[in-house]
Amino acid sequence: MATVTRPGAPAGPDLRRRTHPVKVDIARALPLTPAIVLLLVFLAGPILWCVYAAFTNIALTGAGSGETKFVGLDNFRAAFSSDAFANSVVLTLVFTFLSAVVGQNLLGLALALLQKRSVKVVRTLVGITVIGAWVIPEVVAGYVWYAFLAQDGTFNEILGRFGLGQNWLYTLPIIAVSLANVWRGTAFSMLVYNAALSEIPAEIEEAAEMDGATGWRRLRYVTVPMIKRTVTTNLMLITLQTLSVFGLIYTMTKGGPGTKSQTLPLYMYEQAFSFSQIGYGTAIALVLLAVGAVFSILYMRLLRED
Amino acid sequence: MTTQTPAPLVASGTSSSASGHGRGPRTWVATVLANVVTSVIGLMFLVPLLWVLFAAFNSDAGLKLELPSGSTFGLDNFRAVMTPETTYRPMWNGLVLCVGSAAIAIVVATLAAYPLSRFETRYKRPFLLTILFSTGLPITAIMVPVYGLFVQLNLIDTLGGTIAFMATTALPFSIFLTKNFMDGVPITLEEAAWTDGASSMQTLRYIVLPLMWPGLSVVLIFTFIGMWGNFFVPFVLLLSPDRLPASVSIFTFFGQYGSVQWGQLAAYSVLYTLPVVVLYVVLSRRLGGAFNFGGALKG
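One line per chain: the protein sequences are A and B, in this order. Those letters in the first sequence? Residues 1 to 306, per full-length UniProt numbering, in order. Those letters in the second sequence? Residues 1 to 299, per full-length UniProt numbering, in order.
Simulated from the structure, these hints should not be mistaken for lab results.
Straight-line C-alpha distance at most 35 Å; calculated DSBU-like pairs for lysine-lysine:
1) K23(A) with K124(B)
2) K260(A) with K69(A)
3) K120(A) with K228(A)
4) K254(A) with K64(B)
5) K120(A) with K64(B)
6) K69(A) with K254(A)
7) K260(A) with K64(B)
8) K228(A) with K124(B)
Quick partial rundown of chain B residues pointing at chain A, CB under 8 Å, derived from the structure:
9) L46
10) L111
11) A112
12) Y123
13) L137
14) S269
15) Y272
16) V276
Ideal Cβ positions, reconstructed from N, Cα and C, are used throughout, including at glycine.
Sequences are here, hints too, so could you generate the full structure?
Here it is in structure tokens:
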């Protein structure tokens with residue numbers, strides 16, 4: 001792929017760069033214009049506006065609605081000293097750790113490993129089911145899990161026989177939404193690990209088996225080290241996805257009861273739209289963006305090491 | 001960028017199976033155990049899903065998973081929701097939104113991918129890095145500023161504005177996928193045409209595109225699926241009930257009337273999910289099931 005070059009140009013990037021007048025560069029960049037315009041207006045624009053508005057008291061109602069003033073770091077000070085903000089940060093961490101890092105990641109890896117050992121029928125049927133959960137729209141997934149975990153839902157029907165029935169959406173809402181997110185997102189990790197595992201040469205595993213390394217040891221000392229890069233990339237991607245989950249939680253619990261499942265995106269939504277505090281809402285958005293940006297940069301670093 | 005491409009990924013269904021077949025009782029037990037555990041996990045994924053299917057055909061559905069039987073089995077729920085208000089208009093709105101933004105995304109992404117794939121220039125690397133960076137940004141976070149921007153530009157509650165924004169959110173990923181597919185088309189054919197005096201846009205139109213239709217249709221369907229399920233963007237940017245797509249209306253319709261008709265909600269969920277499942281099946285046939293990860297891991 002790297003062999004694709006400017007037509008007629010001799011190979012070697014250095015030579016090419018020097019023979020290139022700036023004019024040619026600009027002419028060639030022309031087809032990029034629509035993409036650049038859209039990205040500037042609808043992506044860079046909002047992000048810049050976010051950086052500006054986070055330092056103002058802009059609001060739809062009340063004090064900030066008439067005249068917008070710069071308030072410096074007030075929004076951030078308010079956020080970092082607010083219990084509700086701290087609560088949503090903790091919940092976001094719990095949600096991301098439980099559903100992405102532990103749930104989707106480990107279950108996806110386990111499924112990929114197990115499928116390798118399964119007969120074709122089992123492998124295919126389980127694959128279809130897990131991918132089915134992934135394909136259906138977010139809101140439908142929310143309703144499915146609302147029904148499944150509700151007081152008179154299927155989960156309690158099963159657990160009730162052991163006397164464990166309770167209203168999970170009220171007692172452990174963050175666990176409930178995490179379970180739903182594991183259900184919805186595991187297919188991604190499963191497919192990623194399937195692909196990675198199929199690239200390990202069979203001889204390596206067989207050699208380890210011959211040497212007497214069985215089961216767990218083979219997994220730990222042979223398989224996992226060989227797919228280490230995939231593990232990191234996968235963790236990065238699913239963490240980014242999980243950070244921005246909104247529809248699933250909103251459908252299941254609306255962040256409640258109270259604020260017991262209010263992750264950062266839901267807290268941001270409530271502040272900005274329900275309470276009309278746009279300035280404060282954008283400050284939270286900026287925090288979320290910054291976290292996403294850090295992960296994004298880490299991810300790019302990882303790809304470059306390749 | 002191209003050097004960072006991971007090796008081609010293999011479909012999940014084709015990975016080498018049960019490696020240790022028939023090598024002593026120990027492997028045999030392990031194989032049976034693996035099959036049982038895999039099936040149990042599969043069953044746990046299946047049970048929540050079954051509720052929607054069963055409840056949709058059960059006129060007396062509750063929240064519990066139960067087989068519709070005798071008098072309660074039927075299409076009553078579907079009949080009840082298949083009205084202009086509940087189903088047809090939101091589905092149509094969703095279609096307009098998704099087709100519109102997927103079309104814009106694919107045209108713009110193809111144009112952008114061409115110079116990125118064909119020429120070696122000084123802006124290429126920074127541009128690709130910016131694109132890669134923006135694929136990682138949580139779109140959820142910019143919904144508040146986007147709302148503010150849309151109020152300023154008078155774009156709130158317009159399909160056009162929402163389409164443009166949704167197309168933009170899909171762009172970074174679409175550009176990556178399209179560029180990678182385009183890299184697969186050999187440049188020699190174009191060089192011949194260039195020698196004959198064809199412009200680069202002409203070669204794109206008459207030589208490159210016809211050779212990469214399969215790739216482009218994958219990008220198109222993939223973008224469509226992503227948008228069809230998108231809830232937050234239209235939820236924030238559209239207000240009038242008659243403009244809402246299915247992803248939002250399914251949420252609002254059933255919250256309004258106090259007691260929820262679970263059977264109808266399930267029937268509507270089935271109708272709303274159907275197009276995505278059909279597209280997914282078409283797509284995975286075409287590319288052997290692993291279509292999205294080639295691009296996902298690259299970008």
